[in-house]
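Novice: Chain by chain, the residues:
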Amino acid sequence: MLLEKIVTGHRNLFGVAMITLMTLAGCMPINSPVAPPATPTAALVPVRVGTLPFISNAILKLAEAEGYFAEQGLDVELVLFRSPNELTPLLIKGELDAAAPGLTAGFFNAIAKGARIRAALPLTSFSPTSCSVVSYLARQSDAANGNYDSFAQWQGVNLGVPPAGQEGMPGYLTDMILQQAGLTLKDVTLTPLDTSIQGEALRSGQVDLLYAVEPLTTRLMSDGDVAVLTTGAVVAPDLTASIVAFGPAFLDNPDMGRRFAQAYLKAVRQYREGKTARNVAIIAAHTGLDPALVKAACWVDIPPEGAINADSIMAYQRWLQAQGLLEQLVLPENFIVQGLVEEN
Amino acid sequence: MERWLPPALLLAGLALWEVAARAGWISALFFPPPSAITLTLLRMLGSVDFWAGLGSTLMRLTAGVLIGGGAGLLLGWLMGVSRPLRVALAPLVAALHPLPKLALFPIVLVILGIGESSKVALVALTAFFPMLLNTLAGVQQIDPTHWEVAANYGATGGKLLRRVVLPGSLPMTLTGLRLAVNGALVVTIAIEMLSARQGLGATIWLAWQTLRTEDLYATLVVIGGLGLASNQLLESATRLLLPWKGKP
Amino acid sequence: MHLSVFHITKAFISPRGTISALADVTFTAFQGEFVALVGPSGCGKSTLLRLVAGLLAPDSGQIDFTGWPQPPKRRLVFQDHALFPWMTVADNVAFGLEMDGIDRTDRRQRAIAQLESMGLAGFADHYPHELSGGMKQRAAIARAFVTQPDILLMDEPLRALDAQTRLVIQEELLSLWERRRPLVLYVTHDIEEALLLADRVLVMSGRPGQVRAEVTPPLGRPRDLTGRAHPEIEESKWQIWKLLEEDVRRQIQPQRVTS
Ligand SMILES: Nc1ncnc2c1ncn2[C@@H]1O[C@H](COP(=O)(O)OP(=O)(O)OP(=O)(O)O)[C@@H](O)[C@H]1O
Ligand SMILES: [Mg+2]
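Just so you know, the protein sequences line up as chains A, B and C, in that order.
All the letters of the first sequence, read from the start, carry residue numbers 1 to 344 under our numbering.
All the letters of the second sequence, read from the start, carry residue numbers 1001 to 1248 under our numbering.
All the letters of the third sequence, read from the start, carry residue numbers 2001 to 2259 under our numbering.
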């Protein structure tokens, strides 16, 4: 999910940065405050949740559409964003109560500097048993020629990644692959690519390999001219690659946070029933994707019991630190909400 | 007295900011104190990466302005002297000029590939229009009597262009150049935020990725400095190139 | 060799209406002649010069240059100096020479010499905005003269000058003209100036313009213009004044016509 967010995240970064700055300066609320309902539902607690139009984020839409939040007494307003970049600042500022921001260095740096945001629930989680939302693709002709039979052959390749991918999860996963062959990121060229041209760039030979996120992989594979070399799930089994984070309101009021988690996990249970007509319809509506494509694509694996794999994120942090992107490691008790799911 | 007012106000504002950030009245995460920004800026200025990034930005900016501005200048002159060309192209220019150039970036990428050329092309496209429109306006506002003098004394072709059209439109052309450089700087940074590994825009993107806001502000200071320097440079160039625009 | 203007008409059409500037103008002027044009403001004198210069085309009628190796070189001194603000005075004066393809050092030499003869030697490398109105006017005359045209067209060239300078320049003008004797068409509002300089004075009538009469001053050549009175032209002056009176009166305030 994080990965997808990075992929589509850059589009209107300029606008995003502006809006972010303006919002921070308090000039422009992201939305006028929700008017308290006049009906008996007035007892519900208003909550604002940021979402992105990705398959992973559809879980939030599902919980809202099925009324799971309302069951918990939460009046959730989903605010749709185009890019994940403003989510962290808005969570810190308390404009959003929950959202799935990217696990960027900035997320940890902000906490280290005292920002009151925490990872609460796991979203994208890699597991060796399920499909992978992250794949490394090559042209079918090259793969058939044996150009990429071993990772050692990646020496000198030009790999297309999402914009700013080198400083985040794509860079981390790629580095892990290269390490297996005794290579480092310095042995390859990472080329930041706009989502709109990633497939074209691979086909036309502008890049040799492509770091692709669903549903792009499914889309490209259907034409039969690309091949999957390896996947994120193979490289980093058990990695919690993205999370749902809480802002100050939920941290100050643990009961509200717990109720949110209840609703979320109920949605996860329904989600894990698989590609039912209902789930497909909700995800297609949320993402704006063709239902057939939604059905064919790999859906992110969301763990049913709501446990974040803290060790995997610590390993990722150590990598960020080695890249010079992190001032200090943030320990799990400092970046994960404590006592959220154990108690239910 | 008046001369000291702007810097005094600036200093007072910075001091207030510093105090507010240190006292925690404003979020130091999003508004780090000016002293921290200054230190970051100094550290930046001492790093090789920063200068390499600045070099990339300047290269894209310069190449884009030279190519796009040059084309705009040439077409501006031609449209200025040729009525049929003007009539034929004016609606097209009017329609294309306001298009947000960044929206075309993916298309430019598909056409030109993912290297420097697509970035420079977009910067060039941005520089093209202000240069074209101002040069055209410059040619059109040449005193009709001067056209008559030129015609009466047998000026045609290259001589007409060099001695009458070029200097006559030069004041407006320089205004166009200034607008072109400013617009090109904005677009260069924006493109680098979208898709560059190196450059001031890439530094800004990374600052957001890591939420190192001192880096962000320090880079913004550098970009502001670039804007100031380029305007200063163009002002000197204007004085040098327009000796007849003496102070009245 | 002569210039013949034959039944010329010219009108300007704009969305705000049609202005008939010239109606059926006919005259002939010979090579070596100095012809002055006088007439009320707006009667089409500048338009006539532009037509002869080839900057405008007549609506009907014909302008012929008989006997010249076609077409004769015509250079115009514009009513409002029209120097290029972006060129130095020397470059302005050398502009015509440059367009004629004369090389840099040669044309600069000639331009400087011309400027010297017009009392502008020290201003060669100044820009026009640094000159007084009269100096600009002189530089504009120099620009036309230095090209040695076959036909010199001058549109109120001495308008901006004080009486003394005007006399000096008039003298200078005549001696320059005497040297090569180009055909000169000289537009002026000053009847005396027209009579003192020209071989013939064409008197034009008001809108639309026509040549009403032709007056020949009783002066031989060379002429002495220095400050002295010229009683011999008083008769001609009066004659032209009478011719113009109607038109001129029409242009001044109606109260004075009735008083
Ligand atoms: N380019 C033009 N467009 C429209 N009308 C014009 C143009 N040039 C001249 N005219 C009109 O033609 C008439 C004659 O103008 P012209 O300049 O030839 O007069 P003139 O005799 O030179 O006047 P003056 O002594 O005031 O210089 C005027 O009524 C003027 O309004
Ligand atoms: Mg006139």
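No wet-lab data here; the hints were simulated from the structure.
Be a bit skeptical, because a hint or two may be false.
[Claimed, not checked] With a Cα cut of at most 20 Å, we get these calculated SDA-like pairs of lysine to any residue:
id	chain 1	residue 1	chain 2	residue 2
1	B	K1245	C	E2130
2	A	K186	A	M176
3	A	K113	B	L1029
Novice: A separate judgement is required for each hint: does it hold in the structure or not?
Specialist: Evaluation of the provided hints:
Proposed proximity of K1245(B) and E2130(C) is supported: the alpha carbons are some 10 Å apart, at most 20 Å. Of the supplied pair hints, the one linking K186(A) and M176(A) holds, its CA atoms being roughly 13 Å apart against a limit of 20 Å. The straight-line distance between the Cα atoms of K113(A) and L1029(B) is roughly 7 Å, inside the 20 Å bound, and the hint therefore holds.
The structure shown violates none of the earlier numbered hints.
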